[in-house]
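Asks: These protein sequences, in sequence, are chains U and Z.
In this text, residue positions in the first sequence follow this note's numbering: the first is 1, and each later residue adds one.
In this text, residue positions in the second sequence follow this note's numbering: the first is 1001, and each later residue adds one.
Quick caveat, the hints were computed from the structure, so don't treat them as lab data.
Here a beta-carbon is modelled for each residue, glycine too, at the ideal position from N, C-alpha and C.
Among the hints, erroneous ones may be present.
[Unchecked claim] Computed footprint of chain U on chain Z; a stretch qualifies when at least three of its residues, placed anywhere within it, have a C-beta under 8 Å from a C-beta of chain U:
id, region
1, 1066 to 1074
2, 1153 to 1163
3, 1186 to 1199
4, 1282 to 1296
5, 1394 to 1401
[Unchecked claim] In silico DSSO-like pairs for lysine-lysine, Cα to Cα no more than 27 Å straight-line:
id, chain 1, residue 1, chain 2, residue 2
6, Z, K1191, Z, K1264
7, Z, K1265, U, K165
8, Z, K1191, Z, K1037
9, Z, K1246, U, K165
10, Z, K1275, Z, K1165
11, U, K165, Z, K1275
12, Z, K1165, Z, K1265
What follows is each chain in one-letter form.
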Amino acid sequence: MSTLFVNGAVTEDQWVSVDGEQPVPEGEDVIVSLAVFEEQPHALLTRNAGRLGAYLEADDQIDAIADHLELISLVALDFPSFADGRAFSKARLLRDRYGFADQIRATGDVRIDQISHMRRSGFDAFLVSHQPTIDSLTEIKDSGLDLFYQPAIEGAEARPALAGKSWARRAL
Amino acid sequence: MYRYDEFDREFVAARVAQFRDQVARRVSGELSEDNFKPLRLQNGVYLQLHAYMLRVAVPYGTLNSSQMRMLAHIARKYDRDYGHFTTRQNIQFNWPKLADIPDILEDLASVEMHAIQTSGNCIRNVTADHFAGASADEVADPRPYAEILRQWSTIHPEFLFLPRKFKIAVIGSSNDRAAMQFHDIGLEVRKNDVGELGLRVFVGGGLGRTPMIGKLIRDWLPEEDMLSYCEAILRVYNLYGRRDNKYKARIKILVHETGLDELKKDIEEEFERIKDGVLKLPDEDVEAITAYFAQPEFDDLPMRDESLEQAKLDNRSFARWIERNVSEHVKPGYGIVTVALKGTGEAPGDATSAQMDVLADLGERYSHDELRVSHEQNVILPHVKLGDLKAIYDALLVAEMASPNAGLITDIIACPGLDYCALATARSIPVAQELSQRFSDLDRQNDIGALKVKISGCINACGHHHVGHIGILGVDRRGEELYQVTLGGSGDEQAAVGEIIGRGFSADEISNAVETIVDTYLARRLSDDEIFLDAYRRLGPQPFKDALYPTKEAA
């Protein structure tokens, strides 16, 4: 059983995932795979009721949805394993290059020891099935550091640490 | 050299506390070995054949004496009284207990050291020319750039789970002493016509099972853009590097398969987008870091030191050591000492705690409190007065570190091999030991002249065999160690990957094979001045093949 954390809090999932077998329900907020999206992009983007989210597997690139981001309200990025770090750069591109401001959700093998890196790469939601991670996040313990040697997504809100190190950041 | 500020100190302390928690969770069983593995790897902890191994970062190979003393202390207290200096300018301890490692890291933090990102699929410890700030041929000290890169790459949230490890080297001279072109990113600091500093950027070099020379991607990059450009390269690599096969996952394969031009387009596009953003380096910040690496206050000395000249006349062994192990310093009256950790019959790069203490004392007393680790697994005293060389030599003699063989055939690079490493397929240290005994005669070594022998115990090439003038690769063939020989490799500015000369040799035969190669060279060289590599380049492989495989069978 997975637990969804949004902005640090346990949150009931409003979104329905559609994997291609079943029809896209009307009136619901849906997250569709890239395959489903590419079959009927126009119909999905112009639905009248319910928001649209896109789910990208590790092999999918942001380019595939980049042109439609203004009509997409959530992007879910999969971590097929702890060690596959492609989604870090995808989240970063979504925030930095495309100015995507809505939810970026981490799914798959999401572990406590990566949560702070995910946040700093642009994720604000985590769909977690790993029980120790759920326990730790529920206790608001993300095991990250609050000193950073490089500007990342929170760069604008964090303050540079010391004179002479424009790249260093300290969390507020 | 660089000193931690408040930020670095807090950061490293927090990191030690974090790892202490992770180790406790592993020891209690909350973390399985599978889940612990990526965490320990980012803190330099490997699981080897017999035990955990801790790899400690020596950023760009620069150490002060109290740091070297701490390494000696760790060897004594937590290990078996020795450490192993590596080809990436780091030091490895082969026998620490997992439960002790948080304490070791805390000891290291007390002297501004750490083990962060010395393993794992992340940006590894940044290496640099071991003569940085001392050599006469330098355009600029590469270490400030390496230090800025160290900081930027430390726990970079986006680049901790790359397709594969990622190595960056920086040099500041057109003479490449850091095998810069065999790194994922190689940087050469240069000056343009109007005296501004910038970088030449190479990408996609590497050794391993598919050796490749780095491709020039930028002939000139302003220094203010260094971090933006590196971030653009890393982002493109993280997104597009292969993850289906760990042996094809390094950026060199991405460059090779995609083509430099197409990959460069993606990198340049991302760079254009971010270059005027938060990663742009302000001049004053580069200057602030550069100030840490200001030259020590040298005395004004004559070029020639009479006491040194007399001592050389009095002592032929000393004169020979000077000839081989002391290099020209930028300041007249000073020299750069290479302490070869390559005594006859020793494991290359190993030093006992007592030897490390001696090195620390010598660094403190004679070298402005500075030491270096070279990628050739030696220790350097970078700033030594010529008049102090005899005292240093005498101390090194007592400590059994006075081998006058820097750059000679017995100054061998070797990986730990099957004696320690879980990946190895053959032993490398015993081969190095046998060769160093076989060629121990100093007259003969000097007659042979400059010759780099590099030995790897498996195809991953940690012993850099591809860039050995003579490279030896140990493989396993049906349960027996077989040693394949490559000739003509070079890790310097005339980078070249060695060519396989023919069928391999058994452990019993390999020393004879090397001797045959050396004899062939001696017989065919134009003069004493034509070193092995030049002779090989002139002659090609055939005379060596003919000598090694007289019947021309499998050659």
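Asks: Regarding the pair K1191 of chain Z and K1264 of chain Z, is the alpha-carbon distance no greater than 27 Å?
Replies: 23 Å, holds
Asks: The region 1153 to 1163 of chain Z covered by chain U? Criterion: 3 or more residues, Cβ-Cβ distance below 8 Å.
Replies: holds (count 10)
Asks: Okay, the region 1394 to 1401 of chain Z and chain U, do three or more residues pass the C-beta test at under 8 Å?
Replies: violated (count 0)
Asks: Given the hint that K1165 of chain Z pairs with K1265 of chain Z, test it: the Cα-Cα distance must not exceed 27 Å.
Replies: The given pair, whose Cα atoms are some 23 Å apart, holds under the 27 Å limit.
Asks: Would you check chain U against the region 1066 to 1074 of chain Z, counting CB to CB pairs closer than 8 Å, and say if three or more residues qualify?
Replies: Our answer is that it is violated, as 0 residues pass the Cβ test (under 8 Å) against chain U, missing three.
Asks: Quickly compare the C-alpha distance for K1275 of chain Z and K1165 of chain Z to 27 Å and report which way the hint goes.
Replies: 25 Å, holds
Asks: Checking one constraint from the list: CA of K1246 of chain Z to CA of K165 of chain U, max 27 Å. Satisfied?
Replies: 36 Å, violated
Asks: Straight-line Cα separation of K165 of chain U and K1275 of chain Z no greater than 27 Å?
Replies: 17 Å, holds
Asks: Are there at least three residues in the region 1186 to 1199 of chain Z whose beta carbon sits under 8 Å from a beta carbon of chain U?
Replies: violated (count 0)
Asks: Three residues or more, CB to CB closer than 8 Å: is that satisfied between the region 1282 to 1296 of chain Z and chain U?
Replies: holds (count 5)
Asks: Take the C-alpha atoms of K1265 of chain Z and K165 of chain U, compute the straight-line distance between them, and say whether it is at most 27 Å.
Replies: Given that 27 Å is the threshold and the Cα spacing comes to 30 Å, the pair is violated.
Asks: Are K1191 of chain Z and K1037 of chain Z close enough, with their CA atoms no more than 27 Å apart?
Replies: 43 Å, violated
When the structure is compared with the earlier hints, violations turn up for hints 1, 3, 5, 7, 8, 9 and for no others.
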